[in-house]
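Build the complex: two chains, separate frames, hints provided.
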Amino acid sequence: MTDKGLYLYCVAFPSATLSAKREDLGIKGIQGENVFVFQTPTLLVVVAPCEQSFESEDMQTVSQWVLVHQAVVDLAWEKFDTVVPFSFGTVIVAKEGKSAHENLLEWLEKEQENLKSKGDKLKGKAEYGIQISWDPARVAPRIVKTDLEIQNLEKEMASKSSGTAYLLKQKLAALVGKRMEQAADVYFNELYQKIKDHVEDIRVEKVRKDEPPRQMLMNLSCLLPKGEAGRLGDELDKIVKMEGFFVRFTGPWPPYSFVS
Amino acid sequence: MQPTRTGRAGIVDLLDRILDKGLILNADLIISLAGVPLIAVSLRAAIAGVETMQRYGMMKELLGAALPPPSGPT
Numbered sequence: 001m002t003d004k005g006l007y008l009y010c011v012a013f014p015s016a017t018l019s020a021k022r023e024d025l026g027i028k029g030i031q032g033e034n035v036f037v038f039q040t041p042t043l044l045v046v047v048a049p050c051e052q053s054f055e056s057e058d059m060q061t062v063s064q065w066v067l068v069h070q071a072v073v074d075l076a077w078e079k080f081d082t083v084v085p086f087s088f089g090t091v092i093v094a095k096e097g098k099s100a101h102e103n104l105l106e107w108l109e110k111e112q113e114n115l116k117s118k119g120d121k122l123k124g125k126a127e128y129g130i131q132i133s134w135d136p137a138r139v140a141p142r143i144v145k146t147d148l149e150i151q152n153l154e155k156e157m158a159s160k161s162s163g164t165a166y167l168l169k170q171k172l173a174a175l176v177g178k179r180m181e182q183a184a185d186v187y188f189n190e191l192y193q194k195i196k197d198h199v200e201d202i203r204v205e206k207v208r209k210d211e212p213p214r215q216m217l218m219n220l221s222c223l224l225p226k227g228e229a230g231r232l233g234d235e236l237d238k239i240v241k242m243e244g245f246f247v248r249f250t251g252p253w254p255p256y257s258f259v260s
Numbered sequence: 001m002q003p004t005r006t007g008r009a010g011i012v013d014l015l016d017r018i019l020d021k022g023l024i025l026n027a028d029l030i031i032s033l034a035g036v037p038l039i040a041v042s043l044r045a046a047i048a049g050v051e052t053m054q055r056y057g058m059m060k061e062l063l064g065a066a067l068p069p070p071s072g073p074t
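Here the protein sequences come in this chain order: A and B. The first sequence stops at residue 260 when you use our numbering, and every number in between is there. The second sequence stops at residue 74 when you use our numbering, and every number in between is there.
Extracted from the complex, chain B is given alone in its bound form (with noise of 0.2 Å):
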């Protein structure tokens, strides 16, 4: 079995990784580095989640525009 990028299944997994995974510059590395400030974007309370990204039609939209494979051997 070959693991894939493209399709429905695709799509959630790279909104469950890059929507709530990832290093995140968080409260507690404000108050630990004092002085270094951050915002998040205001829109990843529009899209909190795959489930709400579907009700909105995202999927769609993602799906119809395909996820870039990475080139190069797999």
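Okay, chain A solo, but in the shape it has when bound (with noise of 0.2 Å):
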């Protein structure tokens, strides 16, 4: 069907060539088309037929595609060595006579040297989400206790009048404030470290809004050989019991933050 787009999964490096140039992957993508894998020479690409433009409210839909998309993602890791995934709702479509299969075949052809050199980078790898968040009101009384100037302040504020003291405790609580920003600058870098050492490539992602009273200190894309997250697990365990931190530890997902 020449006026059929090509919804793109994943470019794959397995550790042998297939039989055939071209053969079902086993499921159903997300429009209900059987998901097909192609071979050129020096890599597969991973694909499914389906509408040049598409788009739904419906929120079941809409998730439902999500689901496919991330399950037809991981069954190509399950069977490959290697797979370097596309981004959500990435379509070649047909245009000036040229299928979207002949586009596709020219776009993979200039891009194989690149795709070929992400491939050997990701090669065994996956990625793990490491999120480190802290409640403030736990901490902050161990960072009080040791700070001589804030010591020094609520001494002089207990030997106060109420006015003075009310203006005091103004100054005390932008100190405390000041003092938990440069505990969490100090925090950050200290476990950053810590993980990095644990891990080949790692990518600093913005922090998200967690539940209150919950602060996100940060959240990161780790790199690593697939199941071989065991030392990072553990030091993340040593960190959890870091009275007032939680830790967010997920995958292993395929390598989408090591793509470029």
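Since the hints were derived computationally from the structure, they do not count as laboratory data. One or more of the hints may lead you astray.
[Said to hold, decoys possible] Chain A side only, calculated, beta carbon under 7 Å to chain B, not exhaustive:
#: 1; residue: Asp81
#: 2; residue: Pro85
#: 3; residue: Ser87
#: 4; residue: Phe88
#: 5; residue: Thr90
#: 6; residue: Ala229
#: 7; residue: Met242
#: 8; residue: Phe246
#: 9; residue: Arg248
#: 10; residue: Gly251
#: 11; residue: Ser257
[Said to hold, decoys possible] Mimicking EDC-like on lysine to aspartate or glutamate, the simulated pairs with C-alpha atoms at most 20 Å apart in a straight line are:
#: 12; chain 1: A; residue 1: Lys206; chain 2: B; residue 2: Asp20
#: 13; chain 1: A; residue 1: Lys145; chain 2: A; residue 2: Glu156
#: 14; chain 1: A; residue 1: Lys169; chain 2: A; residue 2: Asp147
#: 15; chain 1: A; residue 1: Lys209; chain 2: B; residue 2: Asp20
#: 16; chain 1: A; residue 1: Lys123; chain 2: A; residue 2: Glu78
#: 17; chain 1: A; residue 1: Lys169; chain 2: A; residue 2: Asp185
From the three backbone atoms N, C-alpha and C, an ideal C-beta is built for every residue, glycine too.
So this is what it looks like as structure tokens:
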């Protein structure tokens, strides 16, 4: 069908060549078409025919698309050593007499060196997410107790009249706030270095809003050999023992964050 | 500590990755590989981020459906 598009799931680099130039992956894609694997001299590409343009405002439909996308990439990952995943919703179309398939082959040929080097870098690797949060109210007491300037200010407040004590209270709050910000920086750097020791590559992501009273201090994407996250997990076990700290550890994910 | 892909954290991490990361056939590629057309699925505008998805109740759908864990040794 020349007016169909091709939904791109991932590029793959298997340890052995496939017996045929094209074979079914064994799963249906986001529009119900069979997903297939196409082999070029240097790599595999996992695709399915789809409408050239599609949209939905139905949340159930869109949720399904997201889950199917990931299920396809997961299956390809299971079958082939290394996958370089496409971003969700990447579709190649037919244009000016060339089919989507022809356009895809042209793009793959032009990109093959680039894709091969990405494949080499990501061979056998997986991505893991780490998010570390703290509850400031539970961490502050420790910081306050050991800070000389704060301790002196508290002593001063105790001996003053209510008016002066109130002003000093404002000053104290500002000082505690500043110390907490400094502590957040120190913790970030320390924990980042500790985690970095156990991974091959790392990306600092934007922190997300966490459920109050927690505040996210750091959000990291880590690249390491798939299934070898044991030492990293041990390090996180140490971190989560710290009073007022919380850790989320997710994965293994296909290496979405490390394709560039 | 074992990594997980289930639950709310798993969904958020999945969406962060598949919507914003991965190989992109972007405008730069169109310019440098003139003639290679692409279309971004228009729903990407509708699900612009996790906060949007939460607002539209998508998190409930995804949580209800549960992420398929990868099989094989982890």
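Margin query: Checking each numbered hint in turn, tell me which of them this model violates, lowest number first.
Written below: Of the numbered hints, 1, 7, 8, 17 do not hold.
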